[in-house]
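All chains, full assembly: derive it from the sequences and hints.
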Amino acid sequence: MDLASVTISMISMGGMGALFATGLAVANKKFHVEEDPRISQVLDALPGANCGGCGLPGCASFANTIVNGEIGLGGCPVCNDDARETIAGILGLEAAKGEKIVARVLCQGGNYESASKGDYLGIEKCTAAHITGGGDKLCLYGCLGYGECVDSCPFDAMYMSENGLPVIIEDKCTGCGNCAEACPRDIIEMHPVSDTVFIACKNQDSPRDARKVCTRACVGCSLCVRGVDEGLMTMENNLARIDYHLYGQTHELPTAKCPTQAIVLMESVPEDDPSITTRVVHEKEALSA
Amino acid sequence: MSYFLLFFSAAIVNNFVLSYFLGICPFVGVSKKVSSAVSMGLAVTFVMLISSVVTWLIYHLLLVPFEMEILEYVSFILVIASLVQLVEMFIRKVSKPLYDTMGIYLPLITTNCAILGLALFSVLRNYGFLESVVFGLGAGVGFTLALVIMAGIREELELAPVPKYFQGAAITMIVAGGLALAFMGFAGMI
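Respectively, the protein sequence lines represent chains A and B. For what it's worth, the numbering used here labels the leading residue of the first sequence as 1, then goes sequentially. For what it's worth, the numbering used here labels the leading residue of the second sequence as 1, then goes sequentially.
Honestly, the hints are just simulated from the structure, not real lab data. Predicted model, so just to flag it, every value in this text is computed and none were measured. Heads up, a few of these hints could be off.
Said to hold, decoys possible - List time: in silico DSS-like cross-link candidates among lysine-lysine, alpha-carbon distance up to 25 Å:
no.: 1; chain 1: A; residue 1: Lys29; chain 2: B; residue 2: Lys96
no.: 2; chain 1: B; residue 1: Lys32; chain 2: B; residue 2: Lys164
no.: 3; chain 1: B; residue 1: Lys96; chain 2: B; residue 2: Lys32
no.: 4; chain 1: A; residue 1: Lys100; chain 2: A; residue 2: Lys172
no.: 5; chain 1: B; residue 1: Lys96; chain 2: A; residue 2: Lys30
no.: 6; chain 1: B; residue 1: Lys33; chain 2: B; residue 2: Lys164
no.: 7; chain 1: A; residue 1: Lys117; chain 2: A; residue 2: Lys212
no.: 8; chain 1: B; residue 1: Lys33; chain 2: B; residue 2: Lys93
no.: 9; chain 1: B; residue 1: Lys96; chain 2: B; residue 2: Lys164
no.: 10; chain 1: B; residue 1: Lys93; chain 2: A; residue 2: Lys29
no.: 11; chain 1: B; residue 1: Lys33; chain 2: A; residue 2: Lys30
no.: 12; chain 1: A; residue 1: Lys125; chain 2: B; residue 2: Lys164
no.: 13; chain 1: A; residue 1: Lys212; chain 2: A; residue 2: Lys257
no.: 14; chain 1: B; residue 1: Lys96; chain 2: B; residue 2: Lys33
Said to hold, decoys possible - Far from chain A by the CB rule (all over 10 Å, computed), these chain B residues:
no.: 15; residue: Lys33
no.: 16; residue: Ser36
no.: 17; residue: Val79
no.: 18; residue: Pro97
no.: 19; residue: Leu108
no.: 20; residue: Phe166
no.: 21; residue: Met173
no.: 22; residue: Gly177
Idealized CB from N, CA, C, for every residue including glycine.
Here it is, written out as structure tokens:
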């Protein structure tokens with residue numbers, strides 16, 4: 001390699017590059033497509049991780065969709081509030097903040113509360129236990145306790161409590177919904193963080209049977225329904241249901257009325273204190289007593 | 001006659017996708033619908049044709065006289081990337097739905113090994129200018145052919161009672177293998 005060939009290489013390659021660049025620049029002018037300028041502004045404000053959390057192929061197509069108004073601001077689960085505000089500003093939307101969605105574990109049948117039907121010796125996975133014999137708990141609707149949801153969490157926002165129930169660390173939860181998908185019994189649901197009162201039970205057994213399988217089961221007594229405004233709570237398949245639309249307006253807390261403490265006030269578990277084994281008010285009191 | 005043979009060699013007997021296994025990415029990615037497969041094939045054919053012309057000129061008029069053959073990869077990729085950008089702009093201008101259908105696979109033509117392979121083959125085999133052009137055209141037609149056949153089969157597959165665990169990617173791979181096997185039947189004819 002002598003100096004001459006280096007020079008020639010540089011000149012020729014540089015020349016080619018310049019030539020093609022000019023050609024492309026001309027073509028760009030000629031084939032220019034008018035595009036909504038907001039799309040590129042929104043794209044700049046988005047995280048740009050192309051994670052697919054919104055269900056679309058990437059941030060570019062999310063930007064496209066949101067400018068067309070086909071998806072809401074909350075569609076991007078990774079955006080922080082600042083980014084949401086920026087995007088809302090670009091699109092001229094008023095209701096800026098999409099509320100944070102977190103996972104809620106709707107079962108209190110841990111090792112202490114639920115009745116056992118024997119030992120389960122199979123594969124220690126919820127899915128396996130669910131399809132074979134239903135694990136070692138008597139309840140056919142409750143948490144199996146093998147922590148497949150915790151394994152599925154990509155953000156370390158969950159752990160199994162000593163009581164054998166999954167706990168969500170709300171600060172870390174991004175609302176991706178992986179855990180809700182992983183649970184074979186659909187115990188984990190995604191809810192806005194402002195909804196704090198829950199029927200933490202999925203048991204649909206008759207009142208008599210429900211009482212037998214778990215001390216915290218909703219037994220379908222409908223005491224809660226009688227005490228509150230019309231329509232706020234309803235009974236469905238031996239299970240109480242809260243209408244969160246009405247709940248948001250009235251802010252009544254029917255927790256105290258439940259004889260089995262199946263209605264709970266969910267409390268956020270601080271990230272720095274994993275020693276708290278439960279995340280609901282009732283259970284904490286019961287354990288400390 | 002030899003040009004005719006060269007064309008069919010590149011298009012069918014030594015098909016780039018099904019015999020050399022080059023450019024598999026769009027072959028699997030853009031073969032869900034015949035219409036998008038045709039336009040993808042045309043885009044690749046255009047890039048192949050023009051790049052075979054330009055790379056031949058660059059190689060024989062610039063790199064060989066100055067003894068800079070070592071730069072062939074760099075310069076060929078430069079040509080291909082620029083051409084793909086041009087095609088992308090053009091398609092975006094002409095048909096936005098088509099642009100959306102092709103999605104990421106359109107800019108990925110840049111890194112499509114079939115196109116770089118074409119340029120390198122024609123250097124390796126010492127093709128003349130016209131031969132090189134015919135070779136590029138044949139390769140493009142062959143690529144389009146493979147894509148369209150695949151898309152046709154996959155459209156039919158949508159209606160076929162594929163067993164659950166073979167659905168999606170698995171059956172696509174099996175079909176691709178079967179197609180390649182069929183094209184291998186032409187091996188050695190030319």
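Hints, one by one, checked against the model:
no. : hint                  : verdict
1   : A:Lys29 <-> B:Lys96   : holds, 17 Å
2   : B:Lys32 <-> B:Lys164  : holds, 18 Å
3   : B:Lys96 <-> B:Lys32   : holds, 18 Å
4   : A:Lys100 <-> A:Lys172 : holds, 11 Å
5   : B:Lys96 <-> A:Lys30   : holds, 16 Å
6   : B:Lys33 <-> B:Lys164  : holds, 21 Å
7   : A:Lys117 <-> A:Lys212 : holds, 11 Å
8   : B:Lys33 <-> B:Lys93   : holds, 22 Å
9   : B:Lys96 <-> B:Lys164  : violated, 35 Å
10  : B:Lys93 <-> A:Lys29   : holds, 11 Å
11  : B:Lys33 <-> A:Lys30   : violated, 30 Å
12  : A:Lys125 <-> B:Lys164 : holds, 23 Å
13  : A:Lys212 <-> A:Lys257 : holds, 20 Å
14  : B:Lys96 <-> B:Lys33   : holds, 17 Å
15  : Lys33                 : holds, 17 Å
16  : Ser36                 : holds, 15 Å
17  : Val79                 : violated, 7 Å
18  : Pro97                 : holds, 13 Å
19  : Leu108                : holds, 13 Å
20  : Phe166                : holds, 22 Å
21  : Met173                : holds, 22 Å
22  : Gly177                : holds, 27 Å
Violated hints, listed in ascending order, are 9, 11, 17; each of the other numbered hints is respected by the structure.
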